[in-house]
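**Student:** Residue numbers (the numbering used here), protein chains in the order written: chain W, 1 to 307; chain X, 1 to 281.
Heads up, a few of these hints could be off.
As the list claims (entries may be wrong) - Below are the DSS-like pairs computed for lysine-lysine, each with C-alpha atoms no more than 25 Å apart in a straight line: (1) W:K303 / W:K117; (2) X:K64 / W:K116; (3) W:K117 / X:K11; (4) W:K117 / W:K27.
What the hints assert, rightly or not - Which residues of chain W face chain X? A few of them, derived with a C-beta cut under 7 Å, are: (5) Q26; (6) L73; (7) I77; (8) L112; (9) K116; (10) F128; (11) I141; (12) G274; (13) A287.
Unchecked claim - According to the in silico footprint, chain W covers these stretches of chain X (three or more CB under 8 Å from chain W): (14) 11-25; (15) 28-39.
Honestly, the hints are just simulated from the structure, not real lab data. The beta-carbon is built from N, C-alpha and C at its ideal position, and this holds for glycine as well.
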Amino acid sequence: METSKVEIKNVALGKASGRMTYARQQKMLGVIFSFPALALMFTFLILPVALAFIYSLMNYNMLNPEAKIFTGLDNYIRLFQDAIFYTALKNTLYFTVLVVPLQCGVALCLALLVNKKVKVASLGRVFFFSPVVTSMVVVAILWTFLYNVDNGLINSVLNFFGINNQPFLLSPNQAMNSIIFMSIWQAAGFQMMIFLAGLKDVPETLYEAAEIDGANAWQKFLNVTLPSIKHVTGFVLIITTIQAFRLFIQPYVMTNGGPSDSTKTLVFMLYENGFQFRDVGYSSAIAVVFFLVVIIVSLVLKKVLKQ
Amino acid sequence: MKQRTKKRWGKIAVSSAIIALGFLFISPLLWMIVASIKPETLIFKDMGFQAFIPKELTFDNYAKILFSDDINFFHYMKNSLFTVGMIVLLGTIVNSLCAYALVKLKFPGSNLILIIIIALYVVPFESVLIPLYIVVNKFGWINEFPALIVPFIASAFNIFLFRQFFMEFPKELEEAAQLDGATPFQTFIRIVVPNSKPVFATAAILTFVTHWSDFMWPLIVATDQSIQTVQIGIQYLFTDNNIQYGQIMAALTLTTIPVVLIFLFFQRYYVQGITASGVKG
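One chain only, chain W, in its complex shape (with noise of 0.2 Å):
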């Protein structure tokens, strides 16, 4: 099967081959190899980037699209005079703000004990992993469960050192720190396992002259392990950031925004007004200015983290 299909080829290469210097044919192999990718990039990928910048601009709603009208920055206008939007906006930023420092903490800390020299290290990066390969969908069902105000696992467990039951998703105030809380359980082991590949690479020898030099434990993390994993750190906390700004599912499985709009984020609300509202132009102005605010807060991590 293979090989007839190399022959076919070779018999349309044939001809051309006799004449043409094996540079020229890599060259139009170039361009047929990169062909497939290349079309269904700019279809499904530039095509869209650039018609959410003009539908940005235009009032066009998917329940009556023949009506559709231009009509400059008037959906930027209203957006930035939504309520609903600062909300969005504010939720989305606490979110990151928390979760980008504490997940890659706490995916450091698993990283330096599972690199110790135990014989449970292998164990632990099995465990500490085990939610990264379960789906957000999975994880938020399940943490509804636990979560629970009447029958959760947790509440039982705060019950037990005499703690009264929390209402955790169901309070405005606790929602989107459970949410946070859940999130860095879900994705703290693959950051973990980049350190740990960092971690890998700190050649032993710095280690021991830092020994030499009557260095303590701590002392040699900020001076030996900090400076040698600088680059997977700055790496880290960019993907952990940009992910922080995409969160929708948690809200969207577990409280469905809420409660009083409190787990509400940029995404949820333009997928709100995109597929409940189906209006396309609105949901479209949220997309750009949820695309230029992750490209700019990547762009001044980059910044200052090189410094």
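Position chain X relative to chain W; hints supplied.
**Tutor:** Only chain X this time, still in chain W's reference frame:
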């Protein structure tokens, strides 16, 4: 002597910390599995440590979601396996060809294309959600399988991953093939592909794991049950008015199994993919 006892205590402290934290990390999943083989009435009655011990074993929950007519979880699993399988198959072919072309078969504009692809990598999917829906709708694919597959075949990340590998591919091997009279196409099929198995495995596995958990897009384009994937299926079980906890736990466990299997059997490639993206990106 003193140094050695100190070291030993350090090891004991580290080991205990790993075990305690490890239990904390695994316990929600452990509860999920144990609850899936418990009778419905006991799931929220057994609290504390009892929650992790199945006193009465039953596989009713699995039997019900797999074989009853009104739920039929097989249907969702089948749809997911088909969708993700197609993305993996077509994606690895298309992206490896493109990466090889950009690295080895330099043609006018290939450097510019590479820069554009790397730039596209930072576009968050959510920001193209609505226009993508409209494009896919124009193709007439809403509630058809191509809507779940075609937009995800080309992947900037995978092209980048292949590129990293092909850049370090020994030139001598290709040149030897060229001297033997092989065309560039033959060189790719006979020399490059067989010697690049690790990167193909890594790309395939990362693609599978990523798209297995896709939720937002299927939620929008797969409103018809006939093409719904497993992530949407469990969401419906969860929002059902007559909620059956044991059956949901069984469904959650089944949904997780494919990725667990991949992790168990291809751990090396899986972890390599994660770390390669990290260290080199």
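**Student:** Against each hint, give a clear statement of whether it holds in the structure.
**Tutor:** Consistency of the hints with the structure:
no. : hint            : in the structure
1   : W:K303 / W:K117 : violated (36 Å)
2   : X:K64 / W:K116  : violated (45 Å)
3   : W:K117 / X:K11  : holds (8 Å)
4   : W:K117 / W:K27  : violated (51 Å)
5   : Q26             : holds (5 Å)
6   : L73             : violated (18 Å)
7   : I77             : violated (19 Å)
8   : L112            : violated (9 Å)
9   : K116            : holds (5 Å)
10  : F128            : holds (5 Å)
11  : I141            : holds (5 Å)
12  : G274            : holds (5 Å)
13  : A287            : holds (4 Å)
14  : 11-25           : holds (count 10)
15  : 28-39           : holds (count 4)
Checked against the numbered hints listed earlier, the structure breaks hints 1, 2, 4, 6, 7 and 8; every other hint is satisfied.
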